[in-house]
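**Q** Make a model of the complete structure from these sequences and hints.
One-letter residues, chain by chain:
There are 2 protein chains.
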Amino acid sequence: MALTTVDVRSSLNVLGRILQWLVVPLAVPVLVALAYGESPVPYLVAIGATLVVGTALVQFERDRIHDREAFLTVSLAWLGIAVVGAIPLYVEGTGVFASPVNALFEGMSGITTTGATVIRDFDAHTQALLMWRQVLQWLGGLGVLLLATAVLSRLSVAGAQLMETETRTKDVTKLTPGIEDTAKLLALVYLLLTAGATLVLLALHLLGLAPEMTAFDAVAHALTAIATAGFSPRAESVGAFSPAVQWAVTLFMIVGATNFVLLYALLGGNATRLRRSEEFRFYLGILGAGTLLIVGLLIADPRFTADPETTARHATFQVASIVTTTGYASTDFNTWSAAAKNVLFVAMFSGGMAGSTTCSIKTLRWLIVTKSFWRDLNVSAHPRSVRAVRVGREVVGEDTIRDVYAYTLVALVIFIVGTVLLVADAERVGDPITEFEALSAAASMFFNIGPAFGQAGPYGTYDGFARTSKLLMVLLMWVGRIEIIPVMVLLTPTFWRRP
Amino acid sequence: MALTTVDVRSSLNVLGRILQWLVVPLAVPVLVALAYGESPVPYLVAIGATLVVGTALVQFERDRIHDREAFLTVSLAWLGIAVVGAIPLYVEGTGVFASPVNALFEGMSGITTTGATVIRDFDAHTQALLMWRQVLQWLGGLGVLLLATAVLSRLSVAGAQLMETETRTKDVTKLTPGIEDTAKLLALVYLLLTAGATLVLLALHLLGLAPEMTAFDAVAHALTAIATAGFSPRAESVGAFSPAVQWAVTLFMIVGATNFVLLYALLGGNATRLRRSEEFRFYLGILGAGTLLIVGLLIADPRFTADPETTARHATFQVASIVTTTGYASTDFNTWSAAAKNVLFVAMFSGGMAGSTTCSIKTLRWLIVTKSFWRDLNVSAHPRSVRAVRVGREVVGEDTIRDVYAYTLVALVIFIVGTVLLVADAERVGDPITEFEALSAAASMFFNIGPAFGQAGPYGTYDGFARTSKLLMVLLMWVGRIEIIPVMVLLTPTFWRRP
Ligand SMILES: [K+]
Ligand SMILES: [K+]
Numbered sequence: 005m006a007l008t009t010v011d012v013r014s015s016l017n018v019l020g021r022i023l024q025w026l027v028v029p030l031a032v033p034v035l036v037a038l039a040y041g042e043s044p045v046p047y048l049v050a051i052g053a054t055l056v057v058g059t060a061l062v063q064f065e066r067d068r069i070h071d072r073e074a075f076l077t078v079s080l081a082w083l084g085i086a087v088v089g090a091i092p093l094y095v096e097g098t099g100v101f102a103s104p105v106n107a108l109f110e111g112m113s114g115i116t117t118t119g120a121t122v123i124r125d126f127d128a129h130t131q132a133l134l135m136w137r138q139v140l141q142w143l144g145g146l147g148v149l150l151l152a153t154a155v156l157s158r159l160s161v162a163g164a165q166l167m168e169t170e171t172r173t174k175d176v177t178k179l180t181p182g183i184e185d186t187a188k189l190l191a192l193v194y195l196l197l198t199a200g201a202t203l204v205l206l207a208l209h210l211l212g213l214a215p216e217m218t219a220f221d222a223v224a225h226a227l228t229a230i231a232t233a234g235f236s237p238r239a240e241s242v243g244a245f246s247p248a249v250q251w252a253v254t255l256f257m258i259v260g261a262t263n264f265v266l267l268y269a270l271l272g273g274n275a276t277r278l279r280r281s282e283e284f285r286f287y288l289g290i291l292g293a294g295t296l297l298i299v300g301l302l303i304a305d306p307r308f309t310a311d312p313e314t315t316a317r318h319a320t321f322q323v324a325s326i327v328t329t330t331g332y333a334s335t336d337f338n339t340w341s342a343a344a345k346n347v348l349f350v351a352m353f354s355g356g357m358a359g360s361t362t363c364s365i366k367t368l369r370w371l372i373v374t375k376s377f378w379r380d381l382n383v384s385a386h387p388r389s390v391r392a393v394r395v396g397r398e399v400v401g402e403d404t405i406r407d408v409y410a411y412t413l414v415a416l417v418i419f420i421v422g423t424v425l426l427v428a429d430a431e432r433v434g435d436p437i438t439e440f441e442a443l444s445a446a447a448s449m450f451f452n453i454g455p456a457f458g459q460a461g462p463y464g465t466y467d468g469f470a471r472t473s474k475l476l477m478v479l480l481m482w483v484g485r486i487e488i489i490p491v492m493v494l495l496t497p498t499f500w501r502r503p
Numbered sequence: 005m006a007l008t009t010v011d012v013r014s015s016l017n018v019l020g021r022i023l024q025w026l027v028v029p030l031a032v033p034v035l036v037a038l039a040y041g042e043s044p045v046p047y048l049v050a051i052g053a054t055l056v057v058g059t060a061l062v063q064f065e066r067d068r069i070h071d072r073e074a075f076l077t078v079s080l081a082w083l084g085i086a087v088v089g090a091i092p093l094y095v096e097g098t099g100v101f102a103s104p105v106n107a108l109f110e111g112m113s114g115i116t117t118t119g120a121t122v123i124r125d126f127d128a129h130t131q132a133l134l135m136w137r138q139v140l141q142w143l144g145g146l147g148v149l150l151l152a153t154a155v156l157s158r159l160s161v162a163g164a165q166l167m168e169t170e171t172r173t174k175d176v177t178k179l180t181p182g183i184e185d186t187a188k189l190l191a192l193v194y195l196l197l198t199a200g201a202t203l204v205l206l207a208l209h210l211l212g213l214a215p216e217m218t219a220f221d222a223v224a225h226a227l228t229a230i231a232t233a234g235f236s237p238r239a240e241s242v243g244a245f246s247p248a249v250q251w252a253v254t255l256f257m258i259v260g261a262t263n264f265v266l267l268y269a270l271l272g273g274n275a276t277r278l279r280r281s282e283e284f285r286f287y288l289g290i291l292g293a294g295t296l297l298i299v300g301l302l303i304a305d306p307r308f309t310a311d312p313e314t315t316a317r318h319a320t321f322q323v324a325s326i327v328t329t330t331g332y333a334s335t336d337f338n339t340w341s342a343a344a345k346n347v348l349f350v351a352m353f354s355g356g357m358a359g360s361t362t363c364s365i366k367t368l369r370w371l372i373v374t375k376s377f378w379r380d381l382n383v384s385a386h387p388r389s390v391r392a393v394r395v396g397r398e399v400v401g402e403d404t405i406r407d408v409y410a411y412t413l414v415a416l417v418i419f420i421v422g423t424v425l426l427v428a429d430a431e432r433v434g435d436p437i438t439e440f441e442a443l444s445a446a447a448s449m450f451f452n453i454g455p456a457f458g459q460a461g462p463y464g465t466y467d468g469f470a471r472t473s474k475l476l477m478v479l480l481m482w483v484g485r486i487e488i489i490p491v492m493v494l495l496t497p498t499f500w501r502r503p
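These protein sequences, in sequence, are chains A and B. For the first sequence, our numbering assigns the number 5 to the initial residue and increments by one for each residue that follows. For the second sequence, our numbering assigns the number 5 to the initial residue and increments by one for each residue that follows.
Any given hint could be a false lead.
Over the 10 Å line for every Cβ pair with chain A, so calculated as not near, a few chain B residues [as the list claims (entries may be wrong)]:
(1) Leu55
(2) Asp125
(3) Leu189
(4) Val347
(5) Tyr409
(6) Val493
Among chain A residues calculated to face chain B with C-beta under 10 Å, some are [stated by the list, open to error]:
(7) Tyr40
(8) Phe286
(9) Gly289
(10) Val347
(11) Asn382
(12) Val417
Away from chain A, derived, C-beta distances all over 10 Å, residues of chain B [as the list claims (entries may be wrong)]:
(13) Glu65
(14) Asp185
(15) Lys188
(16) Ile290
(17) Ser376
(18) Ala385
(19) Met492
Everything labelled a hint here was simulated from the structure, so no lab data went into it. Virtual Cβ for every residue (Gly too), placed ideally from N, Cα, C.
**A** Following this line, the structure appears as structure tokens:
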């Protein structure tokens, strides 16, 4: 294997299969269009395009999919689905989607579960288009779940293999042999949770606790809540709904960013593994600390005069929304104090648990960083005391620690470079942005969160950025979502030749 | 050794010795005061204070100075000298120094070679005070040189030991046995370079190329250029002098941030080691790339209309000033385009070569990060190809790579936390700052550079920040200058007890 060049044909073959399969999710907006008396043509065009290209690619012979072929396939898949996702938007061509760059931005934002939108006027678009964005994100959540379980863990990308160790997938594997079966189980959990979230939202409506919640809205938000994705067919995002809905969605987001192996155990009646998970406690700790901090800052802000329940709700919702990288808004947090906005900004770097639909750096990596740095400090004080770093009962290998540090550092470096490029590009086109707009937009794109601060705030739009900036953002979303390494590996000359 | 508690008495004993020695540098402003007919009292008060406290501390019995005692001593020394450095400023009490926080800020900025100032009106202060600031910085440069050679390398702080390996101090050690002798040699190099810089500046004046350059100015700037420290007795910094002076100072800054072991070899007629140093080439590459980038951005900026020599000079000067962490200004780069300012901001994270007077993360660490991440990408593509990371001919151990990653990441995290605290504190006192002001001020403090952007720009002042913010900055300067670990180690409970 290592003595051959990368097998591009096999990778293209798999890509072709994936593109063919896109017919299934694309059937949803066709049905919605028919139900609402809208034109299904944009989705039929996309179906035609993905079938033609997919079938053409499948003609390539499939020989082997090893590490390098997996990296290539993953990179191409996320790019390819983004393009297919963009086709109906551009064909429909209403409002901002008359621009192909805007369509591509929205497609990439969809499949990467980022949730950043260029839409300015939600009423200008069809129900089919609004639902397609939701479906695309649900697909993105599923994709990343399979990616984390079946691909990244095998390729040992920067501690991704620990996701299994920590949560003892070994046990799951004993019950259900093979990675493929684990992936299927987690997909089932994903499906069940989405269905459950839909039912809860519908039940709240039937109980009179969510008057604004239509069946369309219930499905639409369930699709992007469990996926920690963040698109909403409503301009006010979850702020359009009642407090009960906001509390429920807070829970869905937190669940969506919880390790799915633990959720599988929980659904099977085994709550012990979740309770015992050190990463889960760390994740809850970050959510709790962030919420308390925001509550304190909102209370201290004389311009913010809500009652205690509202304060607690918005603080909990927004911290969960950012930490889980969902990106929904329950209120326009862009109007909060600079300190509160900075806390949310820092929360962008967290992410939820590994092995979930979450994006960003993830709590597992931060836990390893924290524990190993604390270990190093202790070793500095007592050089002869050599201690291993443990997460739960598992020892984390020193190579893994190094990889986790490297991953986190490289992520921060790319984020900083992205910020500078956004500032420079905005200045170039004569429409300067503030440093905070650039910082938060770069972080929001690269960590697949969605909203930023300033013009791209929760109730704003990314349409105002220069076309070149939006293309840079497409790149950031793509590289960030598939955990950097698969794309960066493609840049090494040795990837393309024999070792 | 490891079975006992930390020996606080021994650490205090060494601190006492250091404080006693401060009498020597404090004699300089006394002489300046006498020469200019100013009052020497503030400096005599400081001499008295440091002698009394130093002599009291020396009464503690000195038993052993091992790793933990070294960390404690280093932390206490930089804090202690900052306080002693502040005494004359506060006693003199002119202008901004009527505030003890301001005096402490300036003292810490001095000894840490940061070069950030709270001074608003340079004419309001005595020549003695202005020279004392310079002397304090020169002392800070010497201190860090000794720290890097004799202490941090021995304690293996985050790759600091590589400074020796890379530059083959082993050879030097062969010639001159013992760390102490190496330290003495490097101190001699430091002294010679400072003297050389003084003579060059005086020569430029005598040749008519530097009409503004007095003997006082020549000494003052030589003291803080080789120390990559950045204080100037002039409000316009090096912008007060002729182009010839600015080019010369550019060279001094670059030399000051070059590994002193290599400079020692160079002064001994051996240029080969400098030429062969991979880190030196990397360092020059960063300087060159940064300069080209700034030149391009200045040319592209319609508001910047200087001739080619001026453009090249300011670009070279400011990039060198920031990369070497000196912090001088040849012009008000605060008025440059947002893109150019962002490039300078990113340059703050570089620093010069390990084993020099430079601050920030340093080129050695970035070189190791770059090479090892590139190695990791190649290994991702070809898992069976295990390759060692080399700097020059030396293999960098995997533990060292991990430490370097950890150090760099923790530095970035502290910088981000510092930024948020500055934003929150400014908002608290009702005097909000922009995110870019906070970011650049936090980076400038923690990486000991000096100027930032906005109110604390090169021709601005840090006086406008809230008192609490200034105390936070004192903390950032302190922790950053002694490379984080010595202070953070003190926070672990095991530091204070038996292992
Ligand atoms: K998202
Ligand atoms: K400096």
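**Q** Run every hint past the structure and note whether it holds.
**A** Consistency of the hints with the structure:
| no. | hint | verdict |
| --- | --- | --- |
| 1 | Leu55 | holds, 32 Å |
| 2 | Asp125 | holds, 30 Å |
| 3 | Leu189 | holds, 27 Å |
| 4 | Val347 | violated, 7 Å |
| 5 | Tyr409 | violated, 3 Å |
| 6 | Val493 | violated, 5 Å |
| 7 | Tyr40 | violated, 43 Å |
| 8 | Phe286 | violated, 16 Å |
| 9 | Gly289 | violated, 17 Å |
| 10 | Val347 | holds, 7 Å |
| 11 | Asn382 | holds, 5 Å |
| 12 | Val417 | holds, 9 Å |
| 13 | Glu65 | holds, 22 Å |
| 14 | Asp185 | holds, 24 Å |
| 15 | Lys188 | holds, 26 Å |
| 16 | Ile290 | holds, 14 Å |
| 17 | Ser376 | violated, 7 Å |
| 18 | Ala385 | violated, 4 Å |
| 19 | Met492 | violated, 6 Å |
In summary, the structure is inconsistent with hints 4, 5, 6, 7, 8, 9, 17, 18 and 19 from the numbered list given earlier, while agreeing with the others.
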